[in-house]
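Undergrad: Please take these sequences and the hints and turn them into a complete structure.
Sequence lines, in order, name chains Z and S.
Position one of the first sequence corresponds to residue 1 (my numbering), numbered consecutively onward.
Position one of the second sequence corresponds to residue 1001 (my numbering), numbered consecutively onward.
Everything labelled a hint here was simulated from the structure, so no lab data went into it.
One thing to keep in mind: the hints can contain errors.
Stated by the list, open to error - Sample of chain S residues with no beta-carbon within 12 angstroms of chain Z, all distances over it, derived:
id : residue
1  : Ala1041
2  : Glu1059
3  : Val1126
4  : Thr1127
5  : Asn1129
6  : Arg1136
7  : Val1155
8  : Glu1180
9  : Asn1213
10 : Lys1219
11 : Val1226
12 : Leu1269
13 : Ser1300
14 : Thr1301
15 : Glu1410
What the hints assert, rightly or not - Capping the alpha-carbon separation at 35 angstroms, the derived lysine-lysine pairs in DSBU-like fashion look like this:
id : chain 1 : residue 1 : chain 2 : residue 2
16 : S       : Lys1352   : Z       : Lys264
17 : Z       : Lys167    : Z       : Lys294
18 : S       : Lys1394   : Z       : Lys264
19 : Z       : Lys163    : S       : Lys1227
20 : Z       : Lys428    : Z       : Lys167
21 : Z       : Lys54     : Z       : Lys99
22 : S       : Lys1421   : Z       : Lys167
23 : S       : Lys1428   : Z       : Lys173
24 : S       : Lys1421   : Z       : Lys194
25 : S       : Lys1428   : Z       : Lys421
26 : Z       : Lys264    : S       : Lys1163
27 : S       : Lys1130   : S       : Lys1352
28 : S       : Lys1312   : S       : Lys1173
29 : Z       : Lys25     : S       : Lys1173
30 : S       : Lys1167   : Z       : Lys227
31 : S       : Lys1163   : Z       : Lys428
32 : S       : Lys1352   : Z       : Lys167
33 : S       : Lys1352   : S       : Lys1394
34 : S       : Lys1394   : Z       : Lys163
35 : Z       : Lys413    : Z       : Lys428
36 : S       : Lys1227   : Z       : Lys167
37 : S       : Lys1380   : S       : Lys1344
38 : Z       : Lys378    : Z       : Lys312
39 : S       : Lys1227   : Z       : Lys54
All figures in this text were calculated on a predicted structure; none of them were measured in a lab.
Cβ coordinates follow ideal geometry from the N, Cα and C atoms, glycine included.
Number of protein chains: 2
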Amino acid sequence: MADPGSGGALSPLQLYNRVSEQGEKVRSLKKEKAAKDEIDAAVKLLLALKVDYKNATGEDYNPGSPPTNDTPDINNGLPPASEGDDFVDPWTVQTGSAKGVDYDKLIVRFGSSKIDKDLIDRIERVTGNKAHHFLRRGIFFSHRWLQEVFNVPLVVQMTDDEKYLWKDLTIEKAYQYTIENAKDIIACGFDVNKTFILSDLEYMGMSSGFYKNVVQVQKHVTFNQVKGIFGFTDSDCIGKISFPAIQAAPSFSSSFPEIFNGRKDIQCLIPCAIDQDPYFRMTRDVAPRISYLKPALLHSTFFPALQGAQTKMSASDPNSSIFLTDTAKQIKTKINKHAFSGGKDTIEEHRKYGGNCEVDVCYMYLTFFLEDDEKLEKIKQDYTSGALLTGELKKILIETLQPMIAAHQERRKLVTEEVVKQFMTPRKLAFNF
Amino acid sequence: MADPGSGGALSPLQLYNRVSEQGEKVRSLKKEKAAKDEIDAAVKLLLALKVDYKNATGEDYNPGSPPTNDTPDINNGLPPASEGDDFVDPWTVQTGSAKGVDYDKLIVRFGSSKIDKDLIDRIERVTGNKAHHFLRRGIFFSHRWLQEVFNVPLVVQMTDDEKYLWKDLTIEKAYQYTIENAKDIIACGFDVNKTFILSDLEYMGMSSGFYKNVVQVQKHVTFNQVKGIFGFTDSDCIGKISFPAIQAAPSFSSSFPEIFNGRKDIQCLIPCAIDQDPYFRMTRDVAPRISYLKPALLHSTFFPALQGAQTKMSASDPNSSIFLTDTAKQIKTKINKHAFSGGKDTIEEHRKYGGNCEVDVCYMYLTFFLEDDEKLEKIKQDYTSGALLTGELKKILIETLQPMIAAHQERRKLVTEEVVKQFMTPRKLAFNF
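TA: In C-alpha cells:
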C-alpha cells in the first residue's frame, strides 16, 4: 500500500507549502482535542513530508523560509538511487544479485510501505477469509483472490497502445496480443459478471469517460515531471511522453460510466508489480488537483527468471521461463536443465553443507505456487540442511507445475473469441452504484 | 495550397536523403522519357527540396557529402522569421502594420504557394462554377462554397480538448462552447447529409478509428520536433505536447469509419487560417511514414480586428469586432465609432488627397462581405480619389452587415439542440465509399 504522504513530482516550493499546511493541520487538531489516532496520523504525515522536503532540497524544513530554488525535483520527492542499487522502472528491471531485487531498499526509494502482519490481520478480519499465501508471504497479490474475498468489480487495463509505442509492431499486432493475453487472464477463473477487460486502443473509442480523464491528467502533468519520473528525453516521441496519463485514467471510476454509473467517488485499488509504481505515484499526485480520489496501490514482487533472479525472462528465449503453453515434458526438461540451483556441486557437499534457498529458483517458484505453508517450510529446512537434494527439489516443483499448467491450458481452450468479447464489452457489472 | 515539397520537421540528414531520392527520381523519369509535366513537377520539387536543405544547414546540397551536423532543424526546414516580421503561430497572430499581416512573406516562411489565376481557372473548369469571391480575391475560402461546388463530405473538427488544455476552463465548459459554435456553423447553411461536426472530447470516445490514428501520429513525432514547430517548453503540460497529433488525425479518412467505410485512401483538403498551418506541415511529414495520404491545405488570411489590423479581436472587448450576436444598432454604433479608418482628418483633406483602402478596416471588411467585384472596385476607386467619404463608406458596410447578421441570427434560432445532435452523430453521409 503506497504511503499517503508520498508526493509525486512536487517542486520544492510545493513541498514547502504542503509541510506548512500539514503543520497547520496538526496544530488545529491538537487545539480541537481531536482523537489521538487522528493526531498521530497527521503528525506522521507531517514528518514524512519533512523528509520529502529534505530529500528534494537537501535542507531541513525551516518555517517562514521558503526554498529559493524552485526547480522541480527530478526524482519525484524520493531519495535517489545509489550505485549498486537495482534498476527498476516500468520498462526495465535489473538486479545484480542472485537473490533478486532488494525490495526493502525499493520500498524506501519508492516511498511505499510493507504489507505487515497488522495489515494482513486487518484484511482477514474485513474479508472473513484467510489471506492468500501470496499476501501471507509478502511477495505478491492474487487478483482473483482479491475479487472473491472483497467482492468488487475488477477492471483489467491492457495497455496495447503502450506496446505499440514502445515496440516495433503494428497497431493490429498490439491489439492481437491483447486478445491472446486476455484469454490467459480469463482462464485464471475471473467472474465475467464482475470483470471488465479493456484494450486501450479499443476502449478509448467506446467510452464517454476515458478520454476526458486522460486529457484532465495530461493538463496537470508537465514534460519536466515525466522527464523526472520516467526519464523521457527530447528525442522520445510525444506518444510516450503523454502515455502516463493513459495509464493513469482508469484509476478514476468516471472512466467507466457503464460500470460505475457515472460516479466519480469510487476509490480504486491497483494491484501491480512494483515497477509500475511511478505511473501511480504520478496519478496520486494529480488526483486531488482534478477532484478525484487517489488510487491505493498493492505492490507485487517480480517473478524470477528461470536461470536466476539476476537474469531476464524473454519471450524469445524459451529457457528463460516456464510458459503457459509449455507441455509437461518441456516443463520437466526446462527445470532440470535450466533452473538456477542453490545446491552444492556434489551430493556429498550438499549433504554436508546444505543448499541455499535464497538464490534457488525452484524454491522461489514454490513460494509462489505451493499454497501449504507448512510443506513449504519443511522443504526449506530440508534443503537448507542438505536432507533434500537439488534433483528432489526440482521434482517437487515439476510435479507442482505440470498439473497447474495443464489445468490452465484446459481452461484456456474453453475461452472462445466470444467469451473474450463478453469480458471486453463495456457493460453494467453485477454491482449497483 | 501547401507546397508538396515542404518537409515538416526533418533533420539535415533526412533532408539530404530526400534531395538524393528526388534527384534519382528525376533521372529515372528522364530515362523513361516520362511526360514533360511529370518531369517538370519532379524537377520543381527537387529544387524546392534543395532550398529546404540550404535553409536547414546554411550550405548548398552537395551530392555525396551528407551533412555532418544532424541535429533536427528547429524551424521545420523553413527560413527563420527575421526581426520586424509578423508573429504567427496557432495561438497568436501579431502584426505591427495597419495593413495587416504580410502574407507574401508568410507564404515564403511557411513554404506554401499563392492561389494564382491558373489555379482559380482550373477550379472553375473542374467545378463548372465561378470561383467564390473569397478565392477570386485571394483572401479566403468559403467552406460552404467548397462543399457545394465540389460535392464532398465536410468534417468540422472542434478542438475543445485544445481549448481545455490552453485555457482556464473545465471540460464541461469547453464542450459547451463547442455546441454554441456548432450552432453558428450550422446556421451558415451546411447540408446535414454531407456534414459531420465533431467535438474531440466527445468523438474520441465514439470512434473506432480516431484514437488509433492519434497514437500512430504520436509514435512518429518527437518532443524535439514539436518543440521546433510549436515552441513548446519543458514546463508545458504533456497534453499540449501531444495535442498536435489530435489535430492531425482527422486528416486521415480512417478516423471516420462511419463516413468513409473504413477506407484509408480518401485524401483530405483542409481549409484553415494560415496560422494553423504548422499542425498540417507536421501532418504532411508524418502521413507517408504511416502509409497515409498527405492532406492538402487551403489557407485563409486573417479577418482583421475592427480597430485596425494590428489590434486584436477579443471576446471580452465588444468593440474589437462585430459579433454574430450584435443587433443592427450595435453594428452601426461599433462601425461608426470604432472601425479604423483610412480616411483623412477633414472632409476638405479627404476630398483633396483621398482615403487609404489598404489600412481602412471598413474597406477590408467589404472585400470579405461584398460579392460584387465591380461594386467593390468602384468603392475602392471612389474612396482612394476622395469622391467617397469615410462616413459614406461606413454606411455601405453597415448596410451590408446588418441584413447579413440579422439573417444569420434568424437561421441560428432554427438550430435546435436536436439539429446540433444530428450534425454531431457519427453516421454514414450521402456518399458511397
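Undergrad: Please go over all the hints and tell whether each is borne out by the structure.
TA: Results of checking the hints against the structure:
For S/Ala1041, the shortest C-beta to C-beta distance to chain Z comes to about 32 angstroms, beyond the 12 angstroms cut-off, and the non-interface label holds. For S/Glu1059, the condition that its CB be more than 12 angstroms from all CB atoms of chain Z holds, with the nearest at approximately 24 angstroms. In this structure S/Val1126 is separated from chain Z by more than 12 angstroms, as the shortest Cβ-Cβ distance comes to about 36 angstroms. Under the 12 angstroms C-beta cut-off, the non-interface status given to S/Thr1127 relative to chain Z holds; the minimum distance is some 35 angstroms.
At roughly 38 angstroms from the closest C-beta of chain Z, the C-beta of S/Asn1129 stays outside 12 angstroms, upholding its exclusion from the interface. The claim that S/Arg1136 lies off the interface holds: its Cβ sits roughly 40 angstroms from the closest Cβ of chain Z, which is beyond the 12 angstroms cut-off. Even its closest Cβ contact with chain Z, about 16 angstroms, leaves S/Val1155 beyond 12 angstroms, as expected for a residue assigned away from the interface. Distance to chain Z confirms S/Glu1180 as a non-interface residue, since its nearest Cβ pair spans about 19 angstroms, more than 12 angstroms.
Look at S/Asn1213: its CB is around 9 angstroms from the nearest CB on chain Z, not clear of 12 angstroms, so calling it non-interface is violated. A cut-off of 12 angstroms between C-beta atoms contradicts the statement that S/Lys1219 is not in contact with chain Z; the least separation is 5 angstroms. Residue placement check: S/Val1226 does not keep its beta carbon more than 12 angstroms from all beta carbons of chain Z (closest about 6 angstroms). Distance check on S/Leu1269: its Cβ is at least 25 angstroms (rounded) from any Cβ of chain Z, clearing the 12 angstroms threshold; non-interface status holds.
For S/Ser1300, the non-interface assignment is confirmed: its Cβ lies about 27 angstroms from the closest Cβ of chain Z, beyond the 12 angstroms cut-off. At roughly 30 angstroms, the least C-beta separation between S/Thr1301 and chain Z is larger than 12 angstroms, which holds for a residue marked as non-interface. Residue placement check: S/Glu1410 keeps its beta carbon more than 12 angstroms from all beta carbons of chain Z (closest about 34 angstroms). Between the alpha carbons of S/Lys1352 and Z/Lys264 the distance comes to roughly 71 angstroms, so the proposed pair goes past 35 angstroms and is violated.
This hinted pair checks out: Z/Lys167 and Z/Lys294 have alpha carbons roughly 30 angstroms apart, not beyond 35 angstroms. Taking the CA atoms of S/Lys1394 and Z/Lys264, the gap is about 55 angstroms. The hint is violated against a cut of 35 angstroms. The suggested pairing of Z/Lys163 with S/Lys1227 holds, with an alpha-carbon distance near 25 angstroms, which does not exceed 35 angstroms. This hinted pair checks out: Z/Lys428 and Z/Lys167 have alpha carbons roughly 34 angstroms apart, not beyond 35 angstroms.
Only pairs whose Cα atoms come within 35 angstroms are accepted, and Z/Lys54 paired with Z/Lys99 is accepted, the gap being roughly 32 angstroms. Under the criterion of a C-alpha separation no larger than 35 angstroms, the hint pairing S/Lys1421 with Z/Lys167 is inconsistent with the structure, at around 40 angstroms. As the CA atoms of S/Lys1428 and Z/Lys173 are separated by approximately 28 angstroms, the hinted pair is consistent with the 35 angstroms bound. Distance restraint check for S/Lys1421 and Z/Lys194: the Cα-Cα separation of roughly 34 angstroms lies within the 35 angstroms cut-off, and the hinted pair is therefore satisfied.
A C-alpha spacing of about 25 angstroms is found between S/Lys1428 and Z/Lys421, which places the hinted pair at or below 35 angstroms, so the restraint holds. Only pairs whose Cα atoms come within 35 angstroms are accepted, and Z/Lys264 paired with S/Lys1163 is accepted, the gap being roughly 23 angstroms. Between S/Lys1130 and S/Lys1352, the direct Cα distance comes to roughly 38 angstroms. Violation of the 35 angstroms bound is thereby established for this hinted pair. Of the pairs offered as hints, the one joining S/Lys1312 and S/Lys1173 holds, with about 24 angstroms between alpha carbons and a cut-off of 35 angstroms not exceeded.
Using a Cα cut-off of 35 angstroms, the hinted pair Z/Lys25 and S/Lys1173 holds, with the two alpha carbons roughly 34 angstroms apart. Between S/Lys1167 and Z/Lys227 the alpha-carbon distance is near 24 angstroms, which keeps this suggested pair within the 35 angstroms criterion. This hinted pair checks out: S/Lys1163 and Z/Lys428 have alpha carbons roughly 32 angstroms apart, not beyond 35 angstroms. For the hint pairing S/Lys1352 with Z/Lys167, the CA-to-CA distance comes to about 74 angstroms; that exceeds 35 angstroms, so the pair is violated.
With a CA separation close to 19 angstroms, the supplied pair S/Lys1352 and S/Lys1394 stays within the 35 angstroms bound. The hinted pair formed by S/Lys1394 and Z/Lys163 fails the criterion: a straight-line CA distance of about 62 angstroms is larger than 35 angstroms. For the proposed pair Z/Lys413 and Z/Lys428, the alpha carbon gap of about 26 angstroms is at most 35 angstroms, so the pair holds. Our distance criterion of 35 angstroms between C-alpha atoms is met by S/Lys1227 and Z/Lys167, whose separation comes to about 24 angstroms.
A threshold of 35 angstroms between alpha carbons decides the hint, and for S/Lys1380 with S/Lys1344 the separation of about 15 angstroms falls inside it, so the pair holds. In summary, the hint linking Z/Lys378 to Z/Lys312 is supported, as the alpha carbons are separated by about 29 angstroms, within the 35 angstroms threshold. Proximity of S/Lys1227 to Z/Lys54 is assessed by CA-CA distance (about 33 angstroms); at most 35 angstroms being required, the pair is judged to hold.
Checked against the numbered hints given earlier, this structure breaks hints 9, 10, 11, 16, 18, 22, 27, 32 and 34; the rest are met.
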